[in-house]
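Protein chains: 2
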Amino acid sequence: MKTVSTVRALRRHLEHCRQNNQTIGFVPTMGALHDGHARLLTRCRRENDVSVLSIFVNPTQFGPGEDYRSYPRDTARDRILAEQCGCDVLFYPSVETMYPPGAQTTVSVSQLSRGLCGSRRPGHFDGVATIVTKLLNIVQPYRLYLGQKDLQQTVVLRRMIQDLNLPVRCVIVPTVRESDGLAMSSRNAYLSPKQRREAAILHQALRTAKQHISDGERSCARIRSLIRRMITSTSGRIDYIECVSLSTLQPLKVFDGQCAIALAVYFGRARLIDNIILQI
Amino acid sequence: MKTVSTVRALRRHLEHCRQNNQTIGFVPTMGALHDGHARLLTRCRRENDVSVLSIFVNPTQFGPGEDYRSYPRDTARDRILAEQCGCDVLFYPSVETMYPPGAQTTVSVSQLSRGLCGSRRPGHFDGVATIVTKLLNIVQPYRLYLGQKDLQQTVVLRRMIQDLNLPVRCVIVPTVRESDGLAMSSRNAYLSPKQRREAAILHQALRTAKQHISDGERSCARIRSLIRRMITSTSGRIDYIECVSLSTLQPLKVFDGQCAIALAVYFGRARLIDNIILQI
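Chains as they are written, first to last, in the numbering used here: chain A, 67 to 346; chain B, 67 to 346.
Rather than coming from a laboratory, the hints here were simulated on the basis of the structure. Owing to the predicted nature of the structure, the values given are computational and were not obtained by experimental measurement. By construction, the Cβ of each residue, glycine as well, lies at the ideal position given by its N, Cα and C atoms. Do not rely on the hints blindly, as some may be mistaken.
What the hints assert, rightly or not - One-sided and incomplete, this derived list gives chain A residues near chain B with beta-carbon spacing under 10 Å:
1) Tyr165
2) Gln170
3) Thr171
4) Ser179
5) Thr196
6) Thr199
7) Ile204
8) Gln206
9) Gln228
10) Thr314
11) Pro317
Looking at chain A on its own, in the form it has when it is part of the complex (with noise of 0.2 Å):
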């Protein structure tokens, strides 16, 4: 594995790759890698001459009083986890060199931003859209492979790649979950280890839902308070339950055609996220 912190050695060593005919997969990362990440990259890697892999803790989508200084970071662990899934180059660049100073050029996705996370998190998204749109000039990749436990990002971010004519396919990898259901996130380690054990509620609650409407069940409302009773039966704080339409993120009043439930609770510090896409 070559691992590269700066724009031009990536671009020459990458360059070289694409005048060998080698297509180029890209997994971008937050870095503290767990078996989501792995999973994203063995599809790339099976998909792709070439894989690479990016670690970059990105400031600009952390909020005033977001976890961004103590989000975790283990560069040692997360090169070794990398090697061993087989990443080809990892790019772990600098604030320094993503965002130099004077930067000020913004990405902005506006309804798809808005709601769920985006109305927790304002400016969130923004972030999310700039330094995704950086990586991709970069890299360069064929393929752009992100993980479904982030629905609103994976929304957000094809639309962005049409709406700016990236010339990229972007890969949606489903959600890896723990033995008990709790969706892989690098926040997981937030959690003690009861909140670790009650926070197996939100995939259970998800897939209670899902039973409830494949048994008929079309009530927004009512899938909502059955999620709800579920989850305040633990410590876990809700920040939103929503049932929304999946092209356009709206919220539902009766599921119908291709739809989500999304949810954030906060147990202790950790904010989750989980969500379910159902198609009626």
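On the provided structure of chain A, position chain B as indicated by the hints.
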């Protein structure tokens, strides 16, 4: 000359060029081609294997009440001119091609878009930055050609290219002028014969200012007064006359280092811009 109007057809053609290791140069325009555009294209031809020119009157860079509807359009004539100048590929997309339903992504360059034309034309540079990002992602040129006449546009786009890590070199080409000094512009077509004669004052005033500065004048206030006096001796209505730092576009009190005088003046309904760059 090949003419294409869809992204797919353009990409297919250029992919073929790239595989033959041909360098691609790109001249984005809004049509109504004149000798300024011809100069861009000539330079582009000289420096690249394949020259792509786009014609697209971009609605998102016009504000309400501006001249989007009346902007001069003459595609038949443009096509002939482009071919005469040695254009290899003319990209002539529809509004629906560039902004399909649901498009909602915007690129913004914050500080540099604020002053000069940006403060008079809110949203203008967001529109410019967004369409140029899209066009660059579609064409993927090695070099981009921009005219110096649109000073703020060149500074904004250079910053954007740097900030978004767009893999393109930006070439700024000096303004082409009529024999009396008037900068070539598609909007000159709006001028009555009298306004056309009077509009030569813009370049005359900038040249006079430059001479005064060469002679030792350093006060921006006095230079602006001088220019204002010259222009108000005609029917021109001043939108702004600004003395700015070339790197930040911030107003100066005293000329120093790399700076510019930029102005926007109405003659009738034609809003004309011009500028001069100074190295003190």
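Cross-check of the supplied hints:
Restraint check, A:Tyr165 versus chain B: the minimum CB separation of about 8 Å is within 10 Å; hint holds. The interface hint given for A:Gln170 holds, since its Cβ lies 4 Å from the closest Cβ of chain B, which is under the 10 Å cut-off. The criterion of a C-beta within 10 Å of any C-beta in chain B is met by A:Thr171, whose closest approach is roughly 4 Å, and the hint holds. Checking A:Ser179 against chain B: minimum C-beta separation of about 9 Å stays under 10 Å; hint holds.
At a threshold of 10 Å, the smallest CB-CB gap from A:Thr196 to chain B is about 8 Å, leaving the interface hint in force. Hint on A:Thr199 holds. Least Cβ distance to chain B is approximately 6 Å, under the 10 Å limit. For A:Ile204, the suggested interface contact is upheld, since its CB lies about 5 Å from the closest CB of chain B, less than 10 Å. This hint holds: A:Gln206 has a C-beta 7 Å from the nearest C-beta of chain B, less than the 10 Å allowed.
Taking 10 Å as the C-beta cut-off, the interface hint given for A:Gln228 holds, the closest approach to chain B being about 8 Å. Annotation: interface hint on A:Thr314 holds; nearest CB of chain B at approximately 9 Å, less than 10 Å. Hint status for A:Pro317: violated, given a least beta-carbon distance of 18 Å to chain B, over 10 Å.
Checked against the numbered hints given earlier, this structure breaks only hint 11.
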